[in-house]
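Asks: Keeping the supplied structure of chain A fixed, place chain B upon it in accordance with the hints.
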Amino acid sequence: MSTEVMQAIRIDETFYKVKEIRRLTDETFSLKLPGGRFKFKAGQHISLGIQGDYQSREYSIYSGENDENLEVLVKEVKEGYFSPKLSHLKKGDLVEVNGPFGKFKIEEKHIPDNKFVFIASGTGIAPFRSMVRTYPELDYQLIHGVRYGHEAYDKEEYDPERHILCTTGDKEGQVHGRLTKYLKRTSFEKNTHFYLCGNSNMIFDALEILKNKGFDRDHIHCEVYF
Amino acid sequence: MKYHLITLGCQMNLSDSERVSAVLEQMGYERTEKEEDATLLGMLACSVRQKPIDKVYNKIAQWNKWKNKRNVITFISGCVLPADKEKFLKLFDLIFPMSELSQLPDMIRNYGVVNAASLQTPKPVMPKNEHIVDLWHIKPKYESTYEAFVPIQNGCDKFCAFCAVPYTRGREVSRPSEEIIKEIQHLVQQGYKSITLLGQNVNSYGLDKNGEEITFAELLKQIGQYGKLSGEEFWVYFTSPHPQDMTRDVIEVIAEYKCLAKQIHLPMQSGDEKVLIKMNRRHSMEKYRRIVSDIRELIPEATLFTDIIVGFTAEGEEEFQNTVAAMNEFKFNMAYIAMYSPRPGAASYRWQDEVSQDVKKDRYHRLSETMRTHTSEYNRQLVGKTFRLLVNGSDRKTGFSTGLTEGKLNVRLDRKAPELKGQIVDVKITSAADFSLSGELVLQEEKIES
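Line order of the protein sequences matches chains A and B.
Per the numbering used here, residue 1 is the first one in the first sequence, and the count goes up by one each step.
Per the numbering used here, residue 1 is the first one in the second sequence, and the count goes up by one each step.
Chain A with its partners taken away, still in its complex shape (with noise of 0.2 Å):
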């Protein structure tokens, strides 16, 4: 190629190239960017795109608004169309990523004086990932509903005295059955902030139980995952 078109050339600002791909599970892993450039709230999701493949998903983000790099947490559908070409890029692969959107965001003048629940199925713990990494200082408790122990991914960055693991395949969690389970049986205070995310049945199950216990919508934040 000459100069001139390779200087031609425009390489989008969209454009980032995979720094790695670490694998959690045998089907779930992170996806790594290179991050800085890409400004966000803890909480929020990207669109991902892959060079040369005209199809995009939804992920939110897995990393904190201050770390090194920008990840994802993906779980690999072995059938699906997109988290099987995601799962195989090799390092220096361009992906591109558009975003950050979402409202699935924390108040931080509510950090101080309110205590937060986090309550997760799957992969439904990226968000709150982010946003533990970003607030160290928050006052908050992660209900993890999986099927087996082996994933609770990076289950060590958080404080044991607040992680709650559900599970229903096994009994490695503290709670052996659904997090719906633990969310009937367990009070909290009234200055709690709660967010779901995660598939859509498991988000309505909790939020009638939530509106059961009293508390006010406005106090729950809903991500769905498809």
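Please note: incorrect hints may appear among the correct ones.
Derived DSS-like pairs (lysine-lysine); straight-line CA-CA distance at most 30 Å [what the hints assert, rightly or not]:
1. B:385 to B:262
2. A:85 to B:331
3. B:287 to A:213
4. B:141 to B:408
5. B:287 to A:181
6. B:228 to B:262
7. B:287 to B:209
8. A:41 to B:408
9. B:287 to B:331
10. B:87 to A:17
11. A:85 to B:87
12. B:51 to B:85
13. B:331 to A:109
14. B:209 to A:109
Simulated DEER-style distance windows between Cβ atoms [unchecked claim]:
15. A:150 to B:344: 31 to 39 Å
16. A:155 to B:316: 33 to 41 Å
17. B:134 to A:77: 51 to 59 Å
18. A:216 to B:354: 31 to 39 Å
19. A:212 to B:258: 43 to 51 Å
Calculated directly from the structure, the hints in this document are not laboratory data.
Glycine included, C-beta positions come from ideal geometry on N, C-alpha and C.
Replies: Chain B alone, transformed into the frame defined by chain A:
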């Protein structure tokens, strides 16, 4: 040189087409409605629905056949999914996003010249919207002399599960408020009576600018203040707002200023919490209820319109009944009810469409019937009252003039009055039907006497 332009889809595409016409006519092209006479054939497509896309394929097949007989250039723009864009590249001579409309004259002049560099650039998946401001600098060739669309925002960041717009139009970008105000001032000075502010999420206006642009409420306020100063009678509407970003101050401003039309279109989509969550609508029924309550409190005369989808994945009979209950609660003046159909590019396209077509049809009819009872009741209590009416057409059967009230209620006049088209007149309602009204013109002399 003649051009033929086909516009498919929503009001945003219609508004864009006015700017496409302006650019082409500035080049010396003359518009023709006969495509056989044109040397430049264009389409503004809509990938959001399947039908318009089918139409694109049918039309381009025909146009490409003509290429064997005569020289024609074809182009396509509008709301196009990346996957469709890839296919269109092989079928159309020119394809461009609306944000690059100002470069269309160069594209036409240089048609056939290969730019090697452009072939090497990584192709973005989502449309790039940062240059959409260039589109808004183009003065449109308005189709009407009394009603106009004014784009204030483009793109969507909401990612509703059933919709592909974020992938066809890119992310939300707000148009500078000074430009919007200037365009409105110009329209009012030209005698326009009905102006609609357009955007995929109009009430997210300004939020993308992180404090460097005024909010939607402030924009409405500036328009309202101009309306007051101008002394002119005109109505300003907006479509569509999203309940998530609807705030009480927007409703307060509408209540305060005469020129801000007392008609609000507030898409609900479903009356069921579970379905709203599945749709990723990001608002609760509680929030929706609060907005309607604010509207009823601050603008009791306002008419309320909505959009509803029936038969969305996860909507069982119980969930549908919640939508019926919402219809009974909010008593909409109009609901645009759609039977759910999976749209390529939208997240829900990947899910099983689990509600049968028969059930969708049944729900569509039942909900329409529920709406009918409310519109009928509302319309009947208007008989005997006098309204301002923008005359905008004529009844097909009788030829009598027709128009819309400020609240966008359809009224048929008692006479043929083509000379009144584009004017706002007084009309006294004489009878009411389920979805329309009939009225008699109140002449100035009668007004003075009474």
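Asks: All the hints need checking, so say for each whether the structure fits it.
Replies: Structure-based check of all given hints:
no.	hint	result
1	B:385 to B:262	holds, 17 Å
2	A:85 to B:331	violated, 48 Å
3	B:287 to A:213	holds, 19 Å
4	B:141 to B:408	holds, 25 Å
5	B:287 to A:181	holds, 28 Å
6	B:228 to B:262	holds, 16 Å
7	B:287 to B:209	holds, 25 Å
8	A:41 to B:408	violated, 41 Å
9	B:287 to B:331	holds, 17 Å
10	B:87 to A:17	holds, 27 Å
11	A:85 to B:87	holds, 21 Å
12	B:51 to B:85	holds, 16 Å
13	B:331 to A:109	violated, 39 Å
14	B:209 to A:109	holds, 22 Å
15	A:150 to B:344: 31 to 39 Å	holds, 37 Å
16	A:155 to B:316: 33 to 41 Å	holds, 37 Å
17	B:134 to A:77: 51 to 59 Å	violated, 40 Å
18	A:216 to B:354: 31 to 39 Å	holds, 33 Å
19	A:212 to B:258: 43 to 51 Å	holds, 46 Å
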